[in-house]
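J.: From first to last, the protein sequence lines stand for chains U, V, Z and H. At position 161 of the first sequence (counting the first as 1) the number is 151 in this note's numbering, and the numbers step up by one without a gap. At position 209 of the second sequence (counting the first as 1) the number is 199 in this note's numbering, and the numbers step up by one without a gap. At position 243 of the third sequence (counting the first as 1) the number is 233 in this note's numbering, and the numbers step up by one without a gap. At position 195 of the fourth sequence (counting the first as 1) the number is 185 in this note's numbering, and the numbers step up by one without a gap.
It is worth saying that the hints were derived from the structure and are not from the lab. Don't take each hint at face value.
It does not matter which identical chain is used: a pair holds within one copy or between any two.
[Said to hold, decoys possible] No farther apart than 25 Å at their CA atoms in a straight line, the calculated lysine-lysine pairs in the DSS-like style are these: (1) Lys80 - Lys195; (2) Lys195 - Lys(-4); (3) Lys194 - Lys(-4); (4) Lys(-4) - Lys60; (5) Lys112 - Lys188; (6) Lys194 - Lys51; (7) Lys(-4) - Lys51; (8) Lys(-3) - Lys194; (9) Lys60 - Lys112; (10) Lys60 - Lys(-3); (11) Lys80 - Lys149; (12) Lys321 - Lys60; (13) Lys321 - Lys188; (14) Lys321 - Lys194; (15) Lys(-3) - Lys51; (16) Lys112 - Lys(-3); (17) Lys60 - Lys195; (18) Lys(-4) - Lys321; (19) Lys321 - Lys149.
Take a look at the letters that make up each chain.
Protein chains: 4
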Amino acid sequence: MVVALKKGTPPEETRAFAEVLEQQGVTVHISQGASQTILGLIGDTSRIDEERLRAQRLVEKVLRVQAPYKRASRPFHPEDTRIAIPADGKVKTIGAGTFSIIAGPCSVESPEQIIRVAQRVKEAGADFLRGGAFKPRTSPYSFQGLGEEGLELLLTAKKETGLPIVSELMDINHIDAFDEVDIIQIGARNMQNFPLLKELGQRKKPILLKRGLASTLQELLMAAEYLLAGGNEQILLCERGIRTFEDFTRNTLDLSAVPGLKRESHLPVIVDPSHACGLAWMTPALAKAAAAAGADGVMIEVHNNPETARCDGEQSLTPEEFAPLAEVLRKYAALEGRTR
Amino acid sequence: MVVALKKGTPPEETRAFAEVLEQQGVTVHISQGASQTILGLIGDTSRIDEERLRAQRLVEKVLRVQAPYKRASRPFHPEDTRIAIPADGKVKTIGAGTFSIIAGPCSVESPEQIIRVAQRVKEAGADFLRGGAFKPRTSPYSFQGLGEEGLELLLTAKKETGLPIVSELMDINHIDAFDEVDIIQIGARNMQNFPLLKELGQRKKPILLKRGLASTLQELLMAAEYLLAGGNEQILLCERGIRTFEDFTRNTLDLSAVPGLKRESHLPVIVDPSHACGLAWMTPALAKAAAAAGADGVMIEVHNNPETARCDGEQSLTPEEFAPLAEVLRKYAALEGRTR
Amino acid sequence: MVVALKKGTPPEETRAFAEVLEQQGVTVHISQGASQTILGLIGDTSRIDEERLRAQRLVEKVLRVQAPYKRASRPFHPEDTRIAIPADGKVKTIGAGTFSIIAGPCSVESPEQIIRVAQRVKEAGADFLRGGAFKPRTSPYSFQGLGEEGLELLLTAKKETGLPIVSELMDINHIDAFDEVDIIQIGARNMQNFPLLKELGQRKKPILLKRGLASTLQELLMAAEYLLAGGNEQILLCERGIRTFEDFTRNTLDLSAVPGLKRESHLPVIVDPSHACGLAWMTPALAKAAAAAGADGVMIEVHNNPETARCDGEQSLTPEEFAPLAEVLRKYAALEGRTR
Amino acid sequence: MVVALKKGTPPEETRAFAEVLEQQGVTVHISQGASQTILGLIGDTSRIDEERLRAQRLVEKVLRVQAPYKRASRPFHPEDTRIAIPADGKVKTIGAGTFSIIAGPCSVESPEQIIRVAQRVKEAGADFLRGGAFKPRTSPYSFQGLGEEGLELLLTAKKETGLPIVSELMDINHIDAFDEVDIIQIGARNMQNFPLLKELGQRKKPILLKRGLASTLQELLMAAEYLLAGGNEQILLCERGIRTFEDFTRNTLDLSAVPGLKRESHLPVIVDPSHACGLAWMTPALAKAAAAAGADGVMIEVHNNPETARCDGEQSLTPEEFAPLAEVLRKYAALEGRTR
């Protein structure tokens, strides 16, 4: 960590300030020039509070050289994290050289719908079934999901098809209903719901953590750090588009997140092109791009009848559109050396 | 609401589609041209699901003419909402031609600190005391606030000074501890925490609802609609900066929000320049601008010793800096015809 | 085009307004409801000035259904545009099912440098050589490019290797020096330099038009429309990253632009991952993603010695890094059915 | 300037690298720790190329402590720049404690229009007349301005009213026609048109330089530095809104720019609320906020008949709306201690 002091700071104040910093467990090197004094903080700076440092009267600028996350970082855990999900008597692996396809409808609507979609995406080669039971909706007047009933329907579809399931948790008070959900999704709007993250850090459940609409990669990794700090190491990071000025698409898919997160962290990275663009016709192109960028998997919305979907129909593929996409995605993943 | 159909939609399909829409309680006018057919939906369109409409095979584009919020809208409630807070035997009014100054530290740290700051801001003319007990922090390793102990210290400061208090709630499970808190703050990261909003909609407590970092004014009003739909009408909207590419300031204060929200809605609008810019020296200029733009009040961070603040010291004014600002803010508010 | 009138507009004013609009060559259908009147404008609306319409006292909202560009649009020219560049006695095609690789240094620095890089990228399979002679630099104190001397060096490299060349024009007064440049690049900062676009619309030269940092896809297509309206039909659109809040990368590559532009327009789309991310190690992942998303080619920075590069060294690949990337890009392009 | 080296850089390489840097005229202090080596560059770092430094194999991160602009910076020129414009036999001052009101139509349309508007805004207390003759328009099919004829009409209005005039230059080849224009406006889209800036740096003409839609304050100051480096010191900086995700307003006015630019630089700062929000009804609130934030003036669109305006009618005030605004702006400016 580097601290540039304000011009004209007298040497004795500089020394006194350096001593205060050294009491926090770092070594301080002072570079005093004609017009500018710079302090180099050497050692474990993870406990130094950057904001507090910036608030000091003597301080002009602060540069953090080490990342502020630790357990999420690649140096802390050089190997790729491998997440193992029991599925139909076997084990599905996420990360560590595999490519996973998660597919299903935005929201669970009826037994027929979810079982039908589950069967179709399984036939087409999906590895996981997604479906929303508790839905975050911008309007209080929109359909809010079937809730616990929706989760039960998902579990029925899991039994019928053997596909492990992914579903979103919005409220820690619902956690008991998620016992048999294989992967708990934390949505973009809850990425910085810190009380929720703290609770889930205590559980031994895989978490798919979606990037917030206005969150940097560093903030996403800090949110993962909340889970890791609690002891939960089964985390999937999910890029799902950020908010920008461009309104051609619903959000702007930031595929730099894939190589960026994989370099900074050991956690697997899933891409959700459906929510990123919000357009069914564009989803295949972005899904292929995600595979080519090195993602560990994709999550794709599939609905047997997008026109009657109770939410997000505009971005859902039909099973007929999904099947050839799943096939071609395996080819792209193979070019990247990934196995199923 | 206006729906443009895809080119080449045959008249009989258009008519059939219009009938389906009319079953949802609206009247549909069909404008059929050589190359384009347009449907005008007349009547109460608030229950029409825009997303679902967009997903229809026949639909090219949808334009919503009426706002998607209802109870938050100016036509629904033409008069300004007036919020009355009991304070020291009297009543403080927010909105409806008044100008309120909320001041205090980012986080409550000790009895001495919070009582000292409370006394100083009261002397300087503040109307409310703010202070954080539960703190949303990007890093799990940063100070997370004193929690319930912090709330107790705030209540002591309230007793000492008579200033009503504002403090942030992050988790509905803490709600009991907020019984004597006068205004509950919902932070920017929780603006779309829908389960939390639904719960607070059931309570009779004034809520200061902060705009999310990536939220449009419309989304802020939809979040307020969650509270209003539940029956809670005591809502203060708070502009606190949005995230943009500019990194000179921590966020970009969007003062258009003030005239924009006041035109669209009857709810009072408070501006938080401290969190928007994150720079103490810039805060007075932005606070004055907020008053001139027509805000119903400002919320300003004040700390007796910013250098030792456990969070956000960089953006805190000292009581010595706050006092002349509070005085000049009253002059700006007076130019806008506002009383204390 | 759809126009929603303000509530309470009397029928006689509505009719008078419709008549004024009809004088501009469109047919107006009036849908009058209890609370809202909607006008549907049918016919050629490309000459209707949307801004002016919005300024009318009676007008509440305007929705444009047809795109505001015409010659750049897919309906106007359903076939993909094919651009043919003479190269070494043969012809190189851009667009129409091919995949082009443009490579070379950010700026031309010396005869040795540019000839060496040209030879190496040709060996590795590049189709075009890029190199900057006139450089747009944020600081007046940075290296501004070799100017006309740089163009001459590029032409020497072209002679040596047979690779056609791409170079940026910043000032129309330099146009004569670009006679033998095969493709003129218009940089992101000049995308809306309308006098420059008008001049280039008059020339018969292929133009690579880069998307502005804050430009929507629609604005990029409108900039292309300036060229097309002047008669120049040889246009390559180039996605090179937009400005967002994320600072992990220099800009945010928006790969949605590839399927989006190819659906809206017939013009070929090139992706520049080097300028988008500004990081050499990330460039290969994004280049592959661009190919998978359906781009007609990529433009990649290659420098024989990035550490001594006079600009943008951080984002340049070495020839050793470029060669295997070019090879694998051909495989991705082949999966997309593209030929060289 | 501070350079953090990659972990594990051997001491002898560090010393060799430091020597190379010292050859560029700075002194390098080396702080070598167990895991991290940091170089402090002391002295005149303005000629050190940051990008090139970042491209070095040994370099992990770079922090610039001094601003990259020099002549535009407050330390270089501690006093406020005062710009004096001859007007009607007297002199109008911009900056240095004054508050200037620039008003007029987006584009000059006819002698009647421009003279009428000029008379009305003068009566209301405007100091300068603005009017566009050469217009940057997104669409090639929109009205492009009257060109030189428009400038002549502006000069007629100047003669009639004595108001000095402001008009936009888009192409250096038109410069001769701007001889009698008092202040040349460089529009947001040309803020980084470096050849144009270089040319204008050679002229002795006041320049109103608008911030680009995606430009940081630092980039705006670097654009001003191009003008200053050429010798032109008469520069007005203009905040006119940046592009964000919010679409309630056309752009997002960033009033932090006012205190930010005035702290960093000695140049006067003008705010253009009309282009920022694009809404006539919102313009007064933002204009007042600009005055309260400490701006040196505002630029406001006024049109005698907004409904027939050939561009930007939606954001134009009528003279009847402008007059009371101009009056109240003087009161806000007076609160800030500014004279006319």
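J.: At 25 Å max between alpha carbons, let me know whether Lys(-3) reaches Lys51 within a copy, between copies, both or neither.
T.: The answer is both: 11 Å in one copy and 22 Å across copies each meet 25 Å.
J.: Using 25 Å as the alpha carbon limit, work out where Lys80 and Lys149 are close: within a copy, between copies, both or neither.
T.: within (14 Å within a copy, 62 Å between copies)
J.: When Cα atoms must be at most 25 Å apart, do Lys194 and Lys(-4) count as within-copy, between-copy, both, or neither?
T.: neither (48 Å within a copy, 36 Å between copies)
J.: At 25 Å max between alpha carbons, let me know whether Lys195 reaches Lys(-4) within a copy, between copies, both or neither.
T.: Classified as neither; 48 Å inside a copy, 36 Å across copies.
J.: When no copy is named, should Lys321 and Lys194 be tagged within, between, both, or neither for a Cα gap of at most 25 Å?
T.: neither (33 Å within a copy, 41 Å between copies)
J.: Give the relationship of Lys(-4) and Lys321 under a CA distance limit of 25 Å: within one copy only, between copies only, both, or neither.
T.: neither (57 Å within a copy, 35 Å between copies)
J.: Regarding Lys(-4) and Lys60, is the shortest C-alpha distance of 25 Å or less found within a copy, between copies, in both, or in neither?
T.: Intra 30 Å, inter 18 Å, cutoff 25 Å: inter-copy only.
J.: Could you place Lys321 and Lys188 in one of the four classes (within, between, both, neither) given a Cα distance threshold of 25 Å?
T.: Classified as neither: same-chain Cα gap 39 Å, cross-chain 45 Å, threshold 25 Å.
J.: Please sort Lys80 with Lys195 into within, between, both or neither, judging by C-alpha distance up to 25 Å.
T.: within (18 Å within a copy, 52 Å between copies)
J.: At most 25 Å between C-alpha atoms: does Lys112 with Lys188 qualify within a copy, between copies, both, or neither?
T.: Neither: 34 Å inside a copy, 36 Å across copies.
J.: Could you place Lys194 and Lys51 in one of the four classes (within, between, both, neither) given a Cα distance threshold of 25 Å?
T.: neither (41 Å within a copy, 37 Å between copies)
J.: Given identical chains, is Lys(-4) near Lys51, meaning Cα to Cα at most 25 Å, within a copy, between copies, both, or neither?
T.: both (8 Å within a copy, 21 Å between copies)
Hint violations for this structure: numbers 2, 3, 5, 6, 8, 9, 12, 13, 14, 16, 18, 19, all remaining hints satisfied.
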